[in-house]
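Engineer: Protein chains in written order, with the numbering used here: chain A, 10 to 566; chain B, 3 to 328; chain C, 17 to 329.
Mixed in with the good hints, there may be bad ones.
[Stated by the list, open to error] The calculated label-pair distances, taken between Cβ atoms and stated as ranges, are:
| id | chain 1 | residue 1 | chain 2 | residue 2 | range |
| --- | --- | --- | --- | --- | --- |
| 1 | B | Gln69 | C | Ala133 | 53 to 59 Å |
| 2 | B | Leu7 | A | Thr190 | 51 to 57 Å |
| 3 | B | Val102 | A | Thr190 | 48 to 54 Å |
| 4 | A | Asp368 | C | Leu158 | 40 to 46 Å |
| 5 | C | Val137 | A | Gly468 | 41 to 47 Å |
| 6 | C | Arg37 | B | Leu66 | 38 to 44 Å |
| 7 | C | Arg210 | B | Ala64 | 50 to 56 Å |
| 8 | B | Gln8 | C | Arg210 | 32 to 38 Å |
| 9 | C | Arg130 | B | Ile6 | 23 to 29 Å |
[Said to hold, decoys possible] Here's a subset of chain B near chain A, in silico, CB distances under 10 Å, partners left out:
| id | residue |
| --- | --- |
| 10 | Arg9 |
| 11 | Gly11 |
| 12 | Ser85 |
| 13 | Asp176 |
| 14 | Phe182 |
| 15 | Val253 |
| 16 | Ile272 |
| 17 | Tyr276 |
| 18 | Pro277 |
| 19 | Gly278 |
| 20 | Gly280 |
Keep in mind the hints are simulated off the structure, nothing from the lab.
Every residue gets a Cβ at the ideal spot worked out from N, C-alpha and C, and that includes glycine.
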Amino acid sequence: MKPAAPPRSWARLAFVLAALGALACARDVPRAPAGVLVVSQEQQASWIRNFNPLTTATSARWPTLAGIYEPLYVFNSLRSEYVPWLGVGHAWTEGNRVLRLTTRDGVSWSDGRPFDARDVAFTFDLLKRHPALDRRGLWGFLSSVDAVDERSVDFRFQRVFIPGLDEIVAQQIVPRHVWSTVADPVAFANENPVATGPFTEVRVFQNQVYEIGRNPRYWRAGEPHFDAIRCPAYPTNDRANLALVFDEADWAGNFIPAVDRVFVGRNPEHHRYWFPLTGSSIFLYANTRRAPFDDVRVRKAVSMAIDRSLMVDVALHHYSRPADATGLSDAFAAWRDSAAVAAGDWTRHDPAAAGRLLDAAGLLRGPDGVRRLPDGKPLRYEVLSVAGWSDWVRAAQVIVRDLQEIGVDATVRTYDFSAWFQRVQEGNFDLTLGWSFEGPTPYSFYRWLMASATVNPVGIAAMGNWHRYGSPAADRALAAFEREADPAKQRALCVELQRVFVSEAPAIPLYPNPSWAEYNTSRFTGFPAADNPYADPSPNKFDRGELLLVLTTLTPR
Amino acid sequence: MRYILQRLGFYVFAAWAALTLNFFLPRLMPGDPATALFARFRGRLAPEAMLALRETFGLTDAPLLVQYVTYLGHVLRGDFGISIAYFPSPVSQVIGNGLVWTVFLAGTALVMSFAIGTLLGVVAAWQRRGWLDTWLPSTLVFIGAFPYFWLAMLALYVLGFTLRWFPLGHAYGDDLTPGFNFTFLADVVRHAALPIGTVVLATLGGWLLSMRNTMIAVLGSDYVNLARAKGLAPSRVMLRYAARNALLPSVTGFGMALGFVLGGSLLTEIVFSYPGQGYLLVQAVRNQDYPLMQGIFLVITLAVLGANWLVDLALLWLDPRTRESS
Amino acid sequence: MSAQSAARATGVAAWWDAIRRDRKASIGATLLAGFVLVGIVGPWLVGAPDALVGVPLQPPSGAHWLGTNGQGQDVLTQLVVGTRVSLAIGFAVGLAVVLIGALVGVTAGYFGGRVDALLSVIFNVFLVLPGLPLAIVIAAYLPSGPLTLGFVLVVTGWAWNARVLRSQTLALRRRDFVAAAVVAGESPFSIITREILPNMLSLLVAQVIGSTVYAIGAQVGLEFLGLGDVSAFTWGTNLYWSQNDSALLTGAWWTFVPTGLCVALVGFGLTLLNSGFDEITNPRLQMERAWRAHLTARGRTPTRSTPVVRDRD
Chain A
10 MKPAAPPRSW ARLAFVLAAL GALACARDVP RAPAGVLVVS QEQQASWIRN FNPLTTATSA
70 RWPTLAGIYE PLYVFNSLRS EYVPWLGVGH AWTEGNRVLR LTTRDGVSWS DGRPFDARDV
130 AFTFDLLKRH PALDRRGLWG FLSSVDAVDE RSVDFRFQRV FIPGLDEIVA QQIVPRHVWS
190 TVADPVAFAN ENPVATGPFT EVRVFQNQVY EIGRNPRYWR AGEPHFDAIR CPAYPTNDRA
250 NLALVFDEAD WAGNFIPAVD RVFVGRNPEH HRYWFPLTGS SIFLYANTRR APFDDVRVRK
310 AVSMAIDRSL MVDVALHHYS RPADATGLSD AFAAWRDSAA VAAGDWTRHD PAAAGRLLDA
370 AGLLRGPDGV RRLPDGKPLR YEVLSVAGWS DWVRAAQVIV RDLQEIGVDA TVRTYDFSAW
430 FQRVQEGNFD LTLGWSFEGP TPYSFYRWLM ASATVNPVGI AAMGNWHRYG SPAADRALAA
490 FEREADPAKQ RALCVELQRV FVSEAPAIPL YPNPSWAEYN TSRFTGFPAA DNPYADPSPN
550 KFDRGELLLV LTTLTPR
Chain B
3 MRYILQRLGF YVFAAWAALT LNFFLPRLMP GDPATALFAR FRGRLAPEAM LALRETFGLT
63 DAPLLVQYVT YLGHVLRGDF GISIAYFPSP VSQVIGNGLV WTVFLAGTAL VMSFAIGTLL
123 GVVAAWQRRG WLDTWLPSTL VFIGAFPYFW LAMLALYVLG FTLRWFPLGH AYGDDLTPGF
183 NFTFLADVVR HAALPIGTVV LATLGGWLLS MRNTMIAVLG SDYVNLARAK GLAPSRVMLR
243 YAARNALLPS VTGFGMALGF VLGGSLLTEI VFSYPGQGYL LVQAVRNQDY PLMQGIFLVI
303 TLAVLGANWL VDLALLWLDP RTRESS
Chain C
17 MSAQSAARAT GVAAWWDAIR RDRKASIGAT LLAGFVLVGI VGPWLVGAPD ALVGVPLQPP
77 SGAHWLGTNG QGQDVLTQLV VGTRVSLAIG FAVGLAVVLI GALVGVTAGY FGGRVDALLS
137 VIFNVFLVLP GLPLAIVIAA YLPSGPLTLG FVLVVTGWAW NARVLRSQTL ALRRRDFVAA
197 AVVAGESPFS IITREILPNM LSLLVAQVIG STVYAIGAQV GLEFLGLGDV SAFTWGTNLY
257 WSQNDSALLT GAWWTFVPTG LCVALVGFGL TLLNSGFDEI TNPRLQMERA WRAHLTARGR
317 TPTRSTPVVR DRD
């Protein structure tokens with residue numbers, strides 16, 4: 010007896026499989042059409058149509074902030090200089106209490122209407138009326154913004170506050186004739202943007218990909234040199250990296266492990282990367298409201314125990330370098346003072362010296378090798394990190410290993426982001442990893458590291474200065490900096506800030522974060538590179554418009 | 003009829019239970035969406051903007067019960083609120099975007115796995131102790147013991163990354179416009195082959211074993227022997243007499259499996275960056291996007307409940323006993 | 017009562033017997049025993065799992081049998097240490113899930129009426145709620161760690177056991193010896209613990225094994241999503257880090273293939289063991305075994321089939 014049915018079903022199954030196989034092999038991986046730049050910047054499962062540049066509720070997309078809309082000035086972080094964009098110049102008047110900004114002539118919105126100073130005044134007024142849009146906190150120091158004529162806007166300040174300029178010129182400008190009719194700009198999805206940028210026409214919007222075509226009326230004649238930007242939705246870093254490796258994406262700002270082998274190795278001619286160290290500096294914050302970290306010797310000892318070269322190898326695949334004692338990343342290279350760097354010996358790996366410092370601070374080793382506080386309590390601490398942030402977790406592992414060597418019984422503790430952030434903001438930690446503030450000048454950076462004004466009591470959430478350190482010397486320098494419009498004098502004040510930081514060691518710098526940028530030169534040329542460093546190469550640098558410098562330079566082959 | 007209504011009543015109750023669980027669970031746990039939101043800006047957001055945002059999202063301090071009643075009312079009207087991570091899009095829009103792909107992926111995988119597995123089970127039972135029966139169940143059970151997502155990773159690595167036979171992700175090519183034409187549909191099949199394939203492979207063993215074991219029991223029963231003794235064609239005996247009756251337990255398991263396969267396909271979606279609910283859910287959880295998370299969980303639950311109800315209807319048709327009792 | 021302990025003893029003896037005689041069951045038991053041994057002894061034989069031993073992402077070599085991971089740690093060490101935690105969570109959850117299932121299911125089945133109606137609705141609701149999404153949502157809100165993971169897995173996994181054990185209790189409730197105990201005025205507690213549970217022992221063991229398979233799989237899945245404690249060393253977190261370190265991209269197959277294989281082997285071993293138990297608890301399969309032995313003893317080849325008189329083809 011032979012069963013009759015099975016062979017037929019087997020045949021059917023085989024047929025289905027064969028058909029699937031044939032279908033599968035039918036097409037090779039498609040490349041985007043010529044002139045379409047494929048960029049992977051943010052990781053999302055699917056796209057939702059929203060081109061609101063003012064929104065604070067979600068992080069606005071990079072093309073919205075630097076592509077569709079444009080700021081008044083673009084900040085070139087590599088050269089540490091402003092490039093006039095929608096604004097062409099500014100002047101301080103009335104004893105530095107009024108900033109007069111001149112807007113560019115001959116710019117038109119993508120619908121053909123002319124751009125002028127009233128659009129600028131309107132945008133700032135919008136932020137005043139809707140505090141939920143004021144993500145930079147501009148109205149914390151502004152008192153009024155008025156268009157004087159078609160070309161100039163007056164920003165009146167509540168007090169003299171020179172660093173306010175940096176926040177004002179970074180603001181993306183929206184058209185008055187469109188936004189004045191929007192009932193709720195906070196919840197406005199702005200599906201069809203009218204803007205001044207190089208790319209304004211939303212051509213395709215699907216949940217897994219969107220495409221923005223060039224602005225036919227762009228004010229920079231002849232630019233952009235290519236047709237459109239395409240953004241595919243890749244849910245994970247890994248997936249985005251695969252797209253890069255297989256030439257599906259032209260430009261990305263992701264972390265890639267072993268980039269030389271994984272990415273460059275597959276196509277040395279066209280697969281390129283450049284990771285300048287212009288990201289935020291990563292710190293180990295010690296809670297200065299808790300003993301023994303209120304003692305500068307202990308903070309310096311902890312710092313000297315850490316083998317930063319091993320850390321950048323293990324946590325960052327050698328993409329970064331150990332931080333110096335000023336904590337400044339290369340984004341502040343122009344501000345860095347070599348004397349301050351030389352004076353900061355406490356970021357050099359020297360466990361023996363660290364041990365001596367701890368001995369001097371009265372923290373002696375107990376019989377089990379763990380050091381004790383004067384009251385006999387052992388130095389037993391958790392180093393906090395964020396679950397899933399592999400570079401941080403690894404850095405924490407290195408720290409823990411090194412601290413154990415000098416007699417501090419440390420362990421790594423990871424929390425989910427929000428749980429971690431809550432602890433850190435409220436000052437509920439002993440040691441934690443954390444980022445630092447970025448900006449055109451080191452003002453915010455140092456302010457949030459050691460200004461007394463930024464110290465919140467333990468238990469009250471703080472935006473920065475989580476380690477809760479206030480330095481009177483720094484306060485004086487920062488206050489002077491706020492009133493100083495002369496770049497040379499600003500520089501001197503910044504040197505003073507570095508000296509204060511190096512001597513007081515409010516926090517422990519670990520390494521500067523690289524600015525991630527990988528690109529494929531087979532279809533486009535003109536990416537910034539180490540031998541052509543005209544701007545930061547990363548698509549992540551959209552907050553102050555820097556990306557616009559790249560978008561207006563790239564040329565299709 | 004009473005049976006159907008009774009089951010429907012149960013599913014409505016289950017849906018309510020899910021809603022309630024869904025509402026209270028995140029609110030009883032530590033953490034606050036505003037903190038997470040704040041976090042996305044790495045401290046760049048001014049405190050005033052933060053306060054204004056809280057109001058925009060309706061993160062009120064009203065008593066839980068009041069919030070609960072409001073919430074139920076909104077859900078009944080199909081309003082899941084506004085997504086925090088995708089503000090200002092309503093949750094229903096965010097979910098609607100990817101739901102069709104998840105349903106397609108999980109549904110197709112489940113039906114294929116069920117059909118192929120059951121068929122193989124019939125064959126295995128019929129050729130008891132043949133080579134198929136000896137090797138296939140063990141092999142498939144072994145494969146089924148691997149985590150879905152691990153098979154998916156391996157398949158992606160070997161068939162996608164190394165051999166480049168299949169695309170590395172997404173539901174269709176980026177340069178295609180969705181439409182009802184051959185190019186698009188073929189592309190969808192091509193992109194779905196690996197995700198569906200791995201889920202089918204991982205779940206095949208269960209169906210096969212379930213069918214095989216029941217078949218063996220049924221094949222020993224008197225009415226099958228009678229049919230055989232009457233001289234009916236073996237294929238007829240196997241399919242019309244034995245298989246139809248042996249199918250009952252498998253169909254009962256079908257509804258249960260749906261929830262399971264959905265769970266597995268969520269993981270698979272993440273590996274293949276398939277634009278469904280899988281990654282969206284994980285992301286919503288990470289961002290503490292309560293409304294979105296609630297929406298996704300609810301929609302998935304409702305889909306599973308609906309499918310279970312359909313299975314009940316199918317059982318009614320397959321099993322005369324249920325029909326008589328109702 | 018001695019009759020029951022005797023029954024229990026023969027039950028245990030019968031299992032050992034079945035495991036030894038059944039090829040599948042003995043393979044399963046061997047696999048499992050191997051992993052349990054590694055889980056118990058292994059961590060003492062290898063070094064610290066978080067020690068940085070060398071260059072990251074080295075392929076397998078004499079020094080590092082399974083290579084190093086993206087952090088320059090030894091993959092084999094992590095696998096061995098992970099075995100202990102993953103198996104411990106797996107078995108603990110498997111046991112807990114069956115205990116809770118038994119408590120609810122037996123109560124519902126034994127008392128019937130309103131108690132049954134209420135409990136049935138509860139476990140049926142839990143049964144239809146999709147497990148993984150529910151687990152993800154719960155796990156995301158509790159502090160990450162093995163306790164959270166265990167809790168989540170128990171919450172999403174107990175209902176199935178409750179349902180099965182309820183029907184089994186219903187069946188036993190109608191049996192004469194239970195009826196006799198009721199008439200004799202024994203308390204429900206003693207009837208359940210002395211008459212009903214011992215008679216379900218084989219089913220309970222099968223349930224524990226099945227639930228352990230579920231628990232290990234679900235645990236690995238949740239940890240893979242990063243919902244476990246990522247600084248712990250378990251199979252799931254190994255896979256999580258492997259994915260996090262772009263194993264695909266770097267071609268570091270050794271960081272995820274061995275772990276996946278271990279998960280599969282344990283699951284496979286448990287399933288084989290269960291099917292071995294099935295042979296002794298399922299009367300039909302038992303009869304068939306006897307029949308085949310009978311035929312073989314008479315020098316005939318047993319064919320496919322069940323032990324009924326049938327045509328020879």
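Engineer: Would you settle whether the hint for B:Val253 is holds or violated, based on the nearest Cβ-Cβ distance to chain A being less than 10 Å?
Structural biologist: Because about 19 Å separates B:Val253 from the closest Cβ in chain A, which is outside the 10 Å limit, the hint is violated.
Engineer: Go ahead and decide if the range 38 to 44 Å is satisfied by the Cβ distance of C:Arg37 to B:Leu66.
Structural biologist: violated, 60 Å
Engineer: When the nearest CB of chain A is found for B:Ile272, is that gap smaller than 10 Å?
Structural biologist: holds, 6 Å
Engineer: Report holds or violated for the interface hint on B:Gly280, using the least CB-CB distance to chain A and a cut-off of 10 Å.
Structural biologist: Result: holds, 8 Å to nearest chain A Cβ.
Engineer: How about B:Tyr276: closest beta carbon in chain A under 10 Å, or not?
Structural biologist: holds, 9 Å
Engineer: Regarding A:Asp368 and C:Leu158, is the given constraint of 40 to 46 Å on their beta-carbon distance met?
Structural biologist: holds, 42 Å
Engineer: Does the Cβ distance between C:Arg210 and B:Ala64 fall inside 50 to 56 Å?
Structural biologist: holds, 54 Å
Engineer: Double-check B:Asp176 for me: the hint is only fine if its C-beta lies closer than 10 Å to a C-beta in chain A.
Structural biologist: The hint holds - B:Asp176 has a Cβ within 10 Å of chain A, the shortest such distance being about 4 Å.
Engineer: At a threshold of 10 Å, is the proposed contact between B:Ser85 and chain A supported by beta-carbon distances?
Structural biologist: Holds, about 8 Å.
Engineer: Kindly confirm whether 51 to 57 Å is satisfied by the beta carbon distance between B:Leu7 and A:Thr190.
Structural biologist: Holds: the Cβ-Cβ distance is about 52 Å, inside 51 to 57 Å.
Engineer: Under 10 Å, Cβ to Cβ, is where B:Phe182 needs to be relative to chain A, so tell me if that hint holds or is violated.
Structural biologist: violated, 16 Å
Engineer: Using the beta carbons of B:Val102 and A:Thr190, state whether their distance is inside 48 to 54 Å or not.
Structural biologist: This hint is violated: roughly 34 Å between Cβ atoms.
In summary, the numbered hints that this structure violates are 1, 3, 6, 10, 11, 14 and 15.
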